[in-house]
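Q: The chain contents come next:
There are 2 protein chains.
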Amino acid sequence: MRLSTFFMPTSRDDPAEAQIVSHRLMLRAGMIRQASAGIYSWLPLGYRVLRNVERIVREEQDRAGCQEMLMPTIQSADLWRESGRYEGYGKEMLRIEDRHGRDMLYGPTNEEQITEIFSHYIKSYREIPKILYHIQWKFRDEVRPRFGVMRGREFLMKDGYSFDLDYEGARRSYNKMFVSYLRTFARLGLKAIPMEADTGPIGGDLSHEFIILAGTGESEVYCHRALIEQDVLGTDVDYDGDLAPEVARWTEHYAATDEKFDESEAAALGDDLVRARGIEVGHIFYFGTKYSKTMNAAVRGPDDEEIFLEMGSYGIGVSRLVGAIIEASHDDDGIVWPDTVAPFRVGVINLKAGDPKCDDACDSIYRTLRGTGCETLVDDRTLRAGAKFADMDLIGLPWQVIVGPRGIGNGSVELKRRDTGAREEVSIDSALSRLTESAGAGGPAAS
Amino acid sequence: MRLSTFFMPTSRDDPAEAQIVSHRLMLRAGMIRQASAGIYSWLPLGYRVLRNVERIVREEQDRAGCQEMLMPTIQSADLWRESGRYEGYGKEMLRIEDRHGRDMLYGPTNEEQITEIFSHYIKSYREIPKILYHIQWKFRDEVRPRFGVMRGREFLMKDGYSFDLDYEGARRSYNKMFVSYLRTFARLGLKAIPMEADTGPIGGDLSHEFIILAGTGESEVYCHRALIEQDVLGTDVDYDGDLAPEVARWTEHYAATDEKFDESEAAALGDDLVRARGIEVGHIFYFGTKYSKTMNAAVRGPDDEEIFLEMGSYGIGVSRLVGAIIEASHDDDGIVWPDTVAPFRVGVINLKAGDPKCDDACDSIYRTLRGTGCETLVDDRTLRAGAKFADMDLIGLPWQVIVGPRGIGNGSVELKRRDTGAREEVSIDSALSRLTESAGAGGPAAS
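Chains as they are written, first to last, in the working numbering: chain Y, 10 to 456; chain C, 10 to 456.
Treat each hint with caution, since some may be false.
In this list, chains with the same sequence are indistinguishable; a pair is considered to hold if it fits within one copy or across any two.
Unchecked claim - The calculated lysine-lysine pairs, modelled on DSSO-like cross-linking and capped at a C-alpha distance of 27 Å, are:
1) Lys361 - Lys139
2) Lys200 - Lys269
3) Lys361 - Lys200
4) Lys269 - Lys132
5) Lys361 - Lys132
6) Lys302 - Lys200
7) Lys366 - Lys200
8) Lys132 - Lys100
9) Lys200 - Lys132
10) Lys100 - Lys200
11) Lys366 - Lys299
12) Lys299 - Lys361
13) Lys100 - Lys139
14) Lys200 - Lys299
15) Lys302 - Lys361
16) Lys132 - Lys302
Hints listed in this document are in silico derivations from the structure and should not be mistaken for laboratory results. Keep in mind that this is a model prediction, so the values were computed, not measured.
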């Protein structure tokens with residue numbers, strides 16, 4: 010893509026409405042534009058990142074054996090009356106009346122809808138277990154939407170639902186999602202720590218929030234150092250195998266959000282206690298037969314007995330993650346994208362657009378990189394060098410190739426890595442082979 | 010994917026509520042489930058097709074130089090008051106009040122929103138032309154939703170918008186979309202004919218509907234035989250070149266929907282007149298400064314003069330296309346997917362699940378095909394052969410590999426092509442090489 014034609018309206022000014030760094034940087038980088046309070050349009054640069062996050066979430070769900078479908082955004086109120094949640098949900102639910110006066114709503118979540126679908130079709134224990142998921146826009150009418158896409162009203166969420174015959178099965182599904190979430194966040198370049206969460210009136214110990222560490226995170230979190238240091242499983246994880254030991258490796262150490270913080274437990278960790286700021290990006294939850302009983306979702310067992318389905322739900326905030334990644338990965342100059350989610354892998358800066366040698370070199374680099382599937386943005390605008398450097402740092406592509414008249418005279422360019430800031434003068438060929446060689450980089454958990 | 014675990018609830022019974030064949034087959038094949046009137050959930054099989062259609066639409070938009078973004082589903086009513094369309098839009102607009110009493114709506118289209126975004130950022134003639142698009146769910150509160158996804162209330166649409174400085178520029182953008190639409194539909198396995206459409210109060214000759222021919226289509230259409238016989242441009246189309254001759258090749262012949270049918274014009278064609286049934290799947294429209302003037306969307310020209318943007322809009326019904334493709338491609342036994350959109354490329358039928366030789370052969374075929382990126386569904390259920398044949402024909406995968414105990418004894422399987430019904434007994438190796446060889450097939454316009 011050439012910046013002379015790409016719709017990427019960057020800005021030097023800090024927007025007054027943005028209180029947190031990710032919101033500020035997304036507005037400045039031309040990634041999003043507010044449509045109404047808590048509702049955003051994703052401009053081309055931002056949408057590329059959102060799609061990368063979505064793709065990684067999808068790949069890891071599929072790898073864990075989940076099946077993708079898509080439920081609509083608009084639901085019938087009757088479904089929620091059946092589960093008993095319609096009246097109680099409060100003002101966060103966007104309630105709608107259609108032209109025939111029927112009560113509808115914009116789905117804030119999908120437990121009711123998936124239970125209805127599943128129980129309509131699945132009648133026998135033989136078709137269990139299953140985990141279904143979708144990635145769909147949700148709406149929660151927050152009273153004070155803020156922090157950009159981190160707490161918007163219309164937001165993209167992956168929500169999955171597991172169906173099992175008994176607690177042991179539900180626990181296996183839960184463990185699959187537990188491990189799969191760790192892999193998902195690792196591939197997104199994030200360090201995620203699972204922390205026990207409230208299960209509410211249902212009780213039990215099966216609810217975890219996944220908190221990523223970010224200096225500017227929304228809440229304080231506490232955990233054992235080991236959780237920060239240990240690695241997640243690689244692509245060879247066997248989701249049909251016993252994942253309990255892996256889950257134990259992540260749950261045997263102390264970890265708590267400030268809501269669940271306990272002074273004496275934390276003190277017992279001594280020097281191993283880490284205090285940090287965190288952002289919730291995922292939540293997994295076992296809720297047993299809560300919906301299957303109220304909505305009469307049962308299958309027949311081997312002896313024709315009625316078995317109410319044991320269910321769990323598993324959410325990842327896909328649009329929120331774009332903000333969360335920036336909170337975890339930025340510096341004074343702008344965003345520092347992890348390789349896996351960057352909107353382009355390489356940014357080529359033409360320091361003297363209009364100079365035939367520089368133009369030719371940039372064209373040739375662009376064509377070569379594109380030919381190898383390496384997504385590249387060329388800054389071919391006629392602007393002063395300082396503005397180009399600033400924009401390229403702001404939008405945070407992992408690699409920069411700086412093409413100037415002096416270097417190009419002897420066939421060399423400057424290669425800069427955005428995260429370390431390391432710069433090197435290298436030949437064009439050597440730059441190209443470096444950029445295409447490292448195309449698979451993205452941490453130990455990359456697929 | 011293995012059918013023993015895949016969530017694909019097929020049915021033998023014709024659903025009473027379905028009046029047209031695509032709706033019937035989508036319900037029977039377990040592709041969709043109605044959530045409310047005109048609102049559908051896409052089950053895993055159906056969602057795979059929807060995503061394939063979406064991907065091809067996206068690829069062809071990108072190839073034509075359009076830039077993808079994403080606007081939200083919920084819009085502010087104020088935007089529509091500005092353009093003057095809020096009051097007049099009627100009951101098809103789903104109007105919503107949020108918790109603070111603000112008037113919102115579920116977007117039925119996005120002219121207002123894109124004009125607001127574009128004009129906020131783009132101030133100079135130097136940044137023109139641009140074509141922006143998004144693929145997003147829309148809502149139109151049809152009084153009588155029917156025909157399944159062909160006329161639903163919540164539907165997925167690609168809508169694009171072009172911004173130019175003058176009529177000539179707008180015409181070039183229009184031509185790009187004209188050619189790109191022909192390519193898009195050809196890749197989807199459809200024969201699409203552009204037909205002049207009403208431009209309404211704006212006038213002019215720049216509005217075309219793209220009609221695909223389908224025996225069970227919604228309306229009667231008339232056109233010159235040449236339009237059916239001529240091919241669309243291949244991947245080497247130059248979108249920066251002059252596309253007027255290509256557009257002329259498609260517009261010089263008579264073509265009309267029944268609304269615009271003229272007896273004497275049609276009679277003049279003699280034997281070249283083709284009468285057929287058609288389905289509208291796309292609509293492109295030049296509307297000049299209609300929105301830019303009411304919403305004050307102007308840029309500065311070379312002499313600092315104010316230039317109101319010349320705009321066009323370009324829509325493709327993405328979810329509707331899934332139904333339309335089935336209308337155009339089915340037989341008495343079920344759906345016949347074009348290769349490019351099929352939910353899986355190959356269906357492997359294990360005629361004797363549980364027999365070690367058949368199981369091993371199916372596993373080995375499945376693993377080999379998956380290894381080459383060929384999407385494969387294995388019917389490993391313990392059902393009688395007839396039911397498996399019926400289901401496989403119903404869901405319409407392009408290729409079937411039938412593995413039975415007799416053939417496997419001498420290393421052979423039956424290879425069946427769904428569209429022609431041609432069957433052949435071949436060795437496993439030969440079947441595999443045929444299936445992976447032809448993986449690029451999909452008509453002359455495939456990318």
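Q: Look at each hint and say if it fits the structure.
A: Okay, the hints, checked on the actual structure:
{"no.": "1", "hint": "Lys361 - Lys139", "in the structure": "between (58 Å within a copy, 24 Å between copies)"}
{"no.": "2", "hint": "Lys200 - Lys269", "in the structure": "within (20 Å within a copy, 62 Å between copies)"}
{"no.": "3", "hint": "Lys361 - Lys200", "in the structure": "neither (40 Å within a copy, 48 Å between copies)"}
{"no.": "4", "hint": "Lys269 - Lys132", "in the structure": "neither (40 Å within a copy, 52 Å between copies)"}
{"no.": "5", "hint": "Lys361 - Lys132", "in the structure": "between (68 Å within a copy, 24 Å between copies)"}
{"no.": "6", "hint": "Lys302 - Lys200", "in the structure": "neither (37 Å within a copy, 50 Å between copies)"}
{"no.": "7", "hint": "Lys366 - Lys200", "in the structure": "neither (44 Å within a copy, 46 Å between copies)"}
{"no.": "8", "hint": "Lys132 - Lys100", "in the structure": "neither (36 Å within a copy, 40 Å between copies)"}
{"no.": "9", "hint": "Lys200 - Lys132", "in the structure": "neither (41 Å within a copy, 42 Å between copies)"}
{"no.": "10", "hint": "Lys100 - Lys200", "in the structure": "neither (34 Å within a copy, 49 Å between copies)"}
{"no.": "11", "hint": "Lys366 - Lys299", "in the structure": "neither (69 Å within a copy, 44 Å between copies)"}
{"no.": "12", "hint": "Lys299 - Lys361", "in the structure": "neither (65 Å within a copy, 40 Å between copies)"}
{"no.": "13", "hint": "Lys100 - Lys139", "in the structure": "neither (33 Å within a copy, 40 Å between copies)"}
{"no.": "14", "hint": "Lys200 - Lys299", "in the structure": "neither (32 Å within a copy, 50 Å between copies)"}
{"no.": "15", "hint": "Lys302 - Lys361", "in the structure": "neither (69 Å within a copy, 38 Å between copies)"}
{"no.": "16", "hint": "Lys132 - Lys302", "in the structure": "within (15 Å within a copy, 59 Å between copies)"}
Hints 3, 4, 6, 7, 8, 9, 10, 11, 12, 13, 14, 15 from the list above are not met by this structure, while the remaining hints are.
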